[in-house]
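Asker: So the chains spell out like this:
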Amino acid sequence: MNVLITGASGGLGRVLANECASRGYNLFLTDIDARGLYSIQCGIERQYGATVTTRVCDLTNAESVDEMLAVMDRYAIQFDMLLNVAGLDFEGEFLQRDREKIIKIIALNDEATLRITHAILNRRNKKHFTVIFVSSLASMFPMPLKATYAATKRFLFDFAISLRQELKKQNVNVLVLCPGGLVTTAEAMKGIAAQGIWGDITTNSLEIVARKTLDRALKGNKIYVPGSINKTLACFGYLIPRSWIAALIYRRWNGVQKKWLT
Amino acid sequence: MTTEDGYEQQFALNHLAGFLLTYQLLPALLQANGRVIITGSQSHKHIKIHWKDVMLQKRYNPLIAYKQSKLCNILFAKGLKDRYSQQGLKAYTVDPGLVNTDIGNKCGGIVDWVWKFRKNHGVSAKIPAQTYAYLCEQEEAPKGLYYYLCKEQTYSRQVTTENADQLFMLSERLCGIQYGKRSVLK
Numbered sequence: 001m002n003v004l005i006t007g008a009s010g011g012l013g014r015v016l017a018n019e020c021a022s023r024g025y026n027l028f029l030t031d032i033d034a035r036g037l038y039s040i041q042c043g044i045e046r047q048y049g050a051t052v053t054t055r056v057c058d059l060t061n062a063e064s065v066d067e068m069l070a071v072m073d074r075y076a077i078q079f080d081m082l083l084n085v086a087g088l089d090f091e092g093e094f095l096q097r098d099r100e101k102i103i104k105i106i107a108l109n110d111e112a113t114l115r116i117t118h119a120i121l122n123r124r125n126k127k128h129f130t131v132i133f134v135s136s137l138a139s140m141f142p143m144p145l146k147a148t149y150a151a152t153k154r155f156l157f158d159f160a161i162s163l164r165q166e167l168k169k170q171n172v173n174v175l176v177l178c179p180g181g182l183v184t185t186a187e188a189m190k191g192i193a194a195q196g197i198w199g200d201i202t203t204n205s206l207e208i209v210a211r212k213t214l215d216r217a218l219k220g221n222k223i224y225v226p227g228s229i230n231k232t233l234a235c236f237g238y239l240i241p242r243s244w245i246a247a248l249i250y251r252r253w254n255g256v257q258k259k260w261l262t
Numbered sequence: 263m264t265t266e267d268g269y270e271q272q273f274a275l276n277h278l279a280g281f282l283l284t285y286q287l288l289p290a291l292l293q294a295n296g297r298v299i300i301t302g303s304q305s306h307k308h309i310k311i312h313w314k315d316v317m318l319q320k321r322y323n324p325l326i327a328y329k330q331s332k333l334c335n336i337l338f339a340k341g342l343k344d345r346y347s348q349q350g351l352k353a354y355t356v357d358p359g360l361v362n363t364d365i366g367n368k369c370g371g372i373v374d375w376v377w378k379f380r381k382n383h384g385v386s387a388k389i390p391a392q393t394y395a396y397l398c399e400q401e402e403a404p405k406g407l408y409y410y411l412c413k414e415q416t417y418s419r420q421v422t423t424e425n426a427d428q429l430f431m432l433s434e435r436l437c438g439i440q441y442g443k444r445s446v447l448k
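In order, the protein sequence lines correspond to chains A and B. One point on numbering: in this note's numbering, the residue at position 211 of the first sequence is 211, and numbering is uninterrupted. One point on numbering: in this note's numbering, the residue at position 68 of the second sequence is 330, and numbering is uninterrupted.
Please keep in mind that the hints were generated in silico from the structure rather than gathered at the bench. You may find that some hints are simply not true.
What the hints assert, rightly or not - What follows is a list of derived Cβ distance ranges for each label pair:
1) Ser243/A / Asp374/B: 47 to 57 Å
2) Asp427/B / Gly237/A: 31 to 41 Å
3) Ala279/B / Leu167/A: 39 to 49 Å
4) Thr51/A / Lys310/B: 29 to 39 Å
5) Cys398/B / Glu100/A: 50 to 60 Å
6) Met431/B / Ala247/A: 51 to 61 Å
7) Ala395/B / Leu248/A: 55 to 65 Å
8) Arg23/A / Glu414/B: 37 to 47 Å
9) Asp427/B / Leu167/A: 24 to 34 Å
None of these values were measured; they are calculated from a predicted model. The beta carbon of each residue, even a glycine, is placed where N, CA and C say it ideally should be.
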């Protein structure tokens, strides 16, 4: 099984890479962070003796992606699975954030994800193929103070469901993962701690999420919201008017971000 | 949370880091007939190494990971001793006891809470420091492996040459090093 993982040196990417390696899959890992990519490559090769190919790539840059695709084509690599993990967020109010940084969120989370997904779908194993999009619990609600991020994740969520329908008859399964908090980095841990009890109960173990994500994707599921509390929150997203949710979330995140970012 | 190499953090920091540092220092340690003291803990008892899943990927529990990393410490001391005591290098594990330091402060959640509760009964760091000093100062190297309050203590039955060797080999692989091939200072 040949698997491409984007954002492979980040918290969730690393754990998914480990999980894939433990299942004996062949890995093609990409990330913009060369040092991190080298570390995870060494770690996986030493731990599992797996075959790991890496390529530093800026997914928001079409040329950089073309160069990576050229490498894949040189070796005629066909993929069985694509894990779209690369994504980012910059916390804070819309007007207080740097304009280009806001654009960057969309450029990576959405544009770049479509670019690589399109390219890899054209290099897929025609007999069976799996795409996983890492959306977020944030995709379920309008989220003031995380507005751009939540909207980019909503985009991925809707896109994944539509793509799944389009490719259903072509042996492609699409799964969209909507995790709550994940302890991926020290920064994420601070954010979760600042949310107090809400942070604790909406946070799931990375390893378990990684394992179940792959299990479910291979079973043909379409949406995976880890944890029962997160599932309940996701349901509220459908039941409560969106403007009420926005007001509620604004009140909560305002306090959290003050605690977290100062 | 994992390290950049995707290793479980406590295993990587509590055990592998010391393993790698000792490797780097090995020529100097051998030349000086040095002593390596590793900070272990009473909590290395009542646990086995999860050989099939050392990083506890299948079922992660931070306190189990901690206990296992402490068993690794004493196994590493044993592995070092088995390999190098003939050449004059000695290795020890010290159980500092419960010490009131900032351990657990950054963990968050239940782990934070457990440590906060436990630490209240802790002693000052000066007390375990005496054991380290004792092991360094003895003219003739002490013979034991595991010390608490300057006295040799019994340790877990899991501390066998077989387990020590298995951990040594695994750690070499995970660090990408081989102790046997470390060049000696001239």
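Asker: Now look at each hint and say whether the structure bears it out.
Answerer: So, going through the hints one by one against the coordinates:
1. Ser243/A / Asp374/B: 47 to 57 Å: violated (37 Å)
2. Asp427/B / Gly237/A: 31 to 41 Å: violated (54 Å)
3. Ala279/B / Leu167/A: 39 to 49 Å: Holds, at about 46 Å.
4. Thr51/A / Lys310/B: 29 to 39 Å: Holds, since Thr51/A and Lys310/B (Cβ atoms, about 31 Å apart) stay within the stated range.
5. Cys398/B / Glu100/A: 50 to 60 Å: holds (56 Å)
6. Met431/B / Ala247/A: 51 to 61 Å: holds (59 Å)
7. Ala395/B / Leu248/A: 55 to 65 Å: At 58 Å between Cβs, range holds.
8. Arg23/A / Glu414/B: 37 to 47 Å: holds (45 Å)
9. Asp427/B / Leu167/A: 24 to 34 Å: violated (51 Å)
Checked against the numbered hints listed earlier, the structure breaks hints 1, 2, 9; every other hint is satisfied.
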